[in-house]
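Chain A is fixed; fit chain B onto it per the hints.
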Amino acid sequence: MGKSIITVVGKDQVGIIARVCTFLAESNVNILDISQTIVDGYFNMMMICDTSCTDKAFIALSDGLEELGRKIGCIIKLQREEIFESMQRI
Amino acid sequence: MINLSEVIETNAMIEKENLDVRTITLGISLLDCISDDVETLCGRIYSKIAKTAENLVRTGEEIEREYAIPVVNKRISVTPIGIVGAAACRTPDDFVRIAKALDRAASDVGVNFLGGYSALCAKGMTEAERMLISSIPEALSVTERICSSVALGSTRTGINMDAVALMGKIIRETAERTADRDSIGCAKLVVFCNAPDDNPFMAGAFHGVTEADAVINVGVSGPGVIKHALEGVRGKDFEILSETVKRTAFKITRLGQLVAKEASKRLGIPFGIVDLSLAPTPAVGDSISDILELMGLERTGAPGTTAALALLNDQVKKGGLMASSYVGGLSGSFIPVSEDQGMINAVNAGALSIEKLEAMTCICSVGLDMIAIPGDTEASTISGIIADEMAIGMINQKTTAVRLIPVIGKGVGESATFGGLLGYAPIMKVSKFSCRDFIGRGGRIPAPVHSFKN
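The listed protein sequences correspond, in order, to chains A and B. Under our numbering, residue 104 is the last one in the first sequence; the count climbs by one each step, no gaps. Under our numbering, residue 681 is the last one in the second sequence; the count climbs by one each step, no gaps.
So that you can see chain A by itself, here it is in the shape it has in the complex (with noise of 0.2 angstroms):
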């Protein structure tokens, strides 16, 4: 299984769930684990998805995911998990 994270920080607003969470179901990449919380003011969520079903390129999904941060003013980003399984765990 592919697992990468999703972060979205940005000014909290109705709706930023739904949007990612509906762009995610169109890309056919299924959602593990939600977190959030508020950081310096600051909307500050984490998803953990299973990236290995998506027909899409990973760099293309993480452009979509970017665009549609964009348009809702928040910073998306997708990164694969490796990077913090290895530099958080032993």
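You may find that some hints are simply not true.
These stretches of chain A come out as covered by chain B in the derived footprint (C-beta under 8 angstroms, 3 or more residues) [as the list claims (entries may be wrong)]:
#1 46-57
#2 67-77
#3 89-102
Derived by calculation from the structure, the hints in this document are not laboratory data. Treat the numbers as computed from the prediction; the structure is a model and nothing was measured. Glycine included, C-beta positions come from ideal geometry on N, C-alpha and C.
Coordinates of chain B only, in the frame set by chain A:
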């Protein structure tokens, strides 16, 4: 499973604290290109580099995108040209032709630097190596991306003082050839004692003859991340200080290990080493000097600086060695003057001298790095500074290097501007007392004893 705070911490390191992969360096052996004809040799060198490195930049960019981690430089190191060109080159100009072929190949595959225009003369110089060394000023002035290094000594062989004397003159000549650009040619020329075969960092990278046909080495940056971590432990004791550096170094190095393994897998080229060095940049906050000052020094260069740097360097190694299966290269804290805004500030404040920098190099890599000196400094004085640094490396069984820039036409109080990652440097005072007769003796300094360490 990874949690939100861990994700936020990692991304803050990248976005706010300048964490990046400083370089993915592809080492390429050119031994199979050797010919007794310069034209044939240049053709083979170009083809081998173009073929081996054709996907290097693209792969680096893909990794950058997929992990959202900047991979600042993609570079190449090659077998020392003093060996590769020995059969073909009859004159220094023949070596310059090779430099131009290397430059073309580097440009065509899209890397910003290619290292290995090098001679390994720790004990003696072959005629080819002497020609290569004398071609360095010309080669560095007519190429853009070529970096040159010369090994002048080692713990096992002693110091080749003939080569040290020659390099003093070559560094001056290189400075004069690029006098119109603040002698920037010298920023691409470094001399070593105990030169490592697998160093990914420029200007000293070359692909040693003990290495495989091609290999991926990675260098990570991270002074900004260490600095940020230390901001949280102000006033705490040395145990907590050490532990914080070590933990942070572990995380930084794991990133290097991940990127190195991934690049190796995607390129189908074996993974060599991760270089643990902390490499500063001119960006605000990405500074070794800032770390030392956060430890409690008013300015870098104050009493205590060497001890603070020793602690930093050692803890980075302890954290880093745990994080990577193969560590190599220089693996120390770089203390270049020009590339580190904190160091520049310390020099401008009168806190840091060449002599103090020399003391600091006794306990960390990688020597006197990117130090601008007055343009009228004599060649023998440059050789004397080099000899001192080589002696530190030889006796302490460690790598030391010297990258001095005599800025032609400028003196103390002025500064040299190089631009980009190389930054700018205030010109530092050099001792006015001569060592001409010492350097002029010729021959070798014998290898030191390897016992009786007291």
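Here's how the hints hold up against the structure:
1. 46-57: holds (count 5)
2. 67-77: holds (count 3)
3. 89-102: holds (count 12)
The earlier numbered hints are all upheld by this structure, with none contradicted.
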